[in-house]
Amino acid sequence: MSIPAPQYTLNEAIGVCLAMCQRALSEVRALARMPGPPGDIGPEGKRGLQGERGEKGERGEAGKPGAVGAAGIDGKNGERGQKGEPGRNASDLTYIEECIDARVGRALKTATFTSPDGGRTLRWAVGEAVHEIKTAIVLDAGVWKEGTNYAAGDAVSLGGSLYIAQTATSAKPPSGDVWRLAVRAGRDGRDFRPDDTPPTKPIRFK
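At the far end of the sequence shown sits residue 208, using the numbering used here, and the numbering has no gaps.
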């Protein structure tokens, strides 16, 4: 039994052809999205211009230490150096020590020990070498006098009290923290009167 050929009008035939063309076009587009096989590497092109320098990136973590390399070849021995001068015989070492002790003794005999400011500065001179030591001892500067410059550590008396200077000053004590009161003046006692002596009472023993 044969199938009768379809009967289409002209518009229907054009519609069928357009539908088939659209489907074929969609199939071609789908195939075009699929990557094809990689082609052959082309020839290297010319080097382009150098671009601008980028921002400095963060420092990466330290890599793991690599494997220890093979030991190198031992070097050759160097040339022998020049022969040195003969050394000093150590048999006279005792004599040298005695000379040093004698020289030190002579230097100590010529040493001087002075104090230009009455004991606050100790000056020790050995030959051309001079050494000074500042002390913090209290020095008696007598009765306070107006217009006199006193150094720290000077002790002065005023009104029966003793004051010690804490800093260099010419102010009259007491004056704030400049002077420190060391000894306060005592109070005056009463005059002695023999008539006021109470009579002695007899002592009784039980």
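Treat the hints with care, as some may be off.
Claimed, not checked - Pairwise CB distance ranges (calculated):
1) 179 x 119: 36 to 44 Å
2) 95 x 151: 34 to 42 Å
3) 29 x 54: 27 to 35 Å
4) 178 x 147: 16 to 24 Å
5) 132 x 86: 55 to 63 Å
6) 115 x 80: 56 to 64 Å
7) 87 x 136: 34 to 42 Å
8) 179 x 132: 28 to 36 Å
To be verified - Taking lysine-lysine and the DSSO-like style, the derived pairs with C-alpha atoms no more than 27 Å apart in a straight line are:
9) 136 x 85
10) 147 x 111
11) 147 x 174
12) 147 x 136
Derived by calculation from the structure, the hints in this document are not laboratory data.
Since we're looking at a predicted model, the values are computed, not measured.
Beta carbons: idealized from backbone N, C-alpha and C, even for Gly.
CA of residue 147 to CA of residue 136, is that 27 Å or under? Given that 27 Å is the threshold and the Cα spacing comes to 25 Å, the pair holds.
Residue 147 and residue 174 were given as a pair; does the straight-line alpha-carbon distance stay at or below 27 Å? Answer holds: residue 147 to residue 174 is near 8 Å, not above 27 Å.
Does the Cβ-Cβ separation between residue 115 and residue 80 fall within 56 to 64 Å? Given about 58 Å between the Cβ atoms, the range holds.
CA of residue 136 to CA of residue 85, is that 27 Å or under? Violated - the C-alpha atoms of residue 85 and residue 136 are around 54 Å apart, more than 27 Å.
Given a hint of 27 to 35 Å, does the C-beta separation of residue 29 and residue 54 actually sit inside it? violated, 46 Å
Using the Cβ atoms, figure out if residue 179 sits within 36 to 44 Å of residue 119. Between residue 179 and residue 119, where Cβ atoms are some 23 Å apart, the hint is violated.
For the hint 34 to 42 Å, verify it against the beta carbon of residue 87 and that of residue 136. Given a distance of about 49 Å, which is not inside 34 to 42 Å, the answer is violated.
Evaluate the given range 34 to 42 Å for the C-beta pair formed by residue 95 and residue 151. violated, 57 Å
Tell me if the beta carbons of residue 132 and residue 86 are separated by a distance inside 55 to 63 Å. violated, 41 Å
Residue 179 and residue 132, beta-carbon distance inside 28 to 36 Å? Because 34 Å falls inside the window, the suggested range holds.
For the pair we were handed, residue 147 and residue 111, check the Cα-Cα distance against 27 Å. violated, 41 Å
Would you say the C-beta atoms of residue 178 and residue 147 sit inside 16 to 24 Å of each other? holds, 20 Å
Violation of the numbered hints given earlier is confined to hints 1, 2, 3, 5, 7, 9 and 10; the remaining hints are satisfied by the structure.
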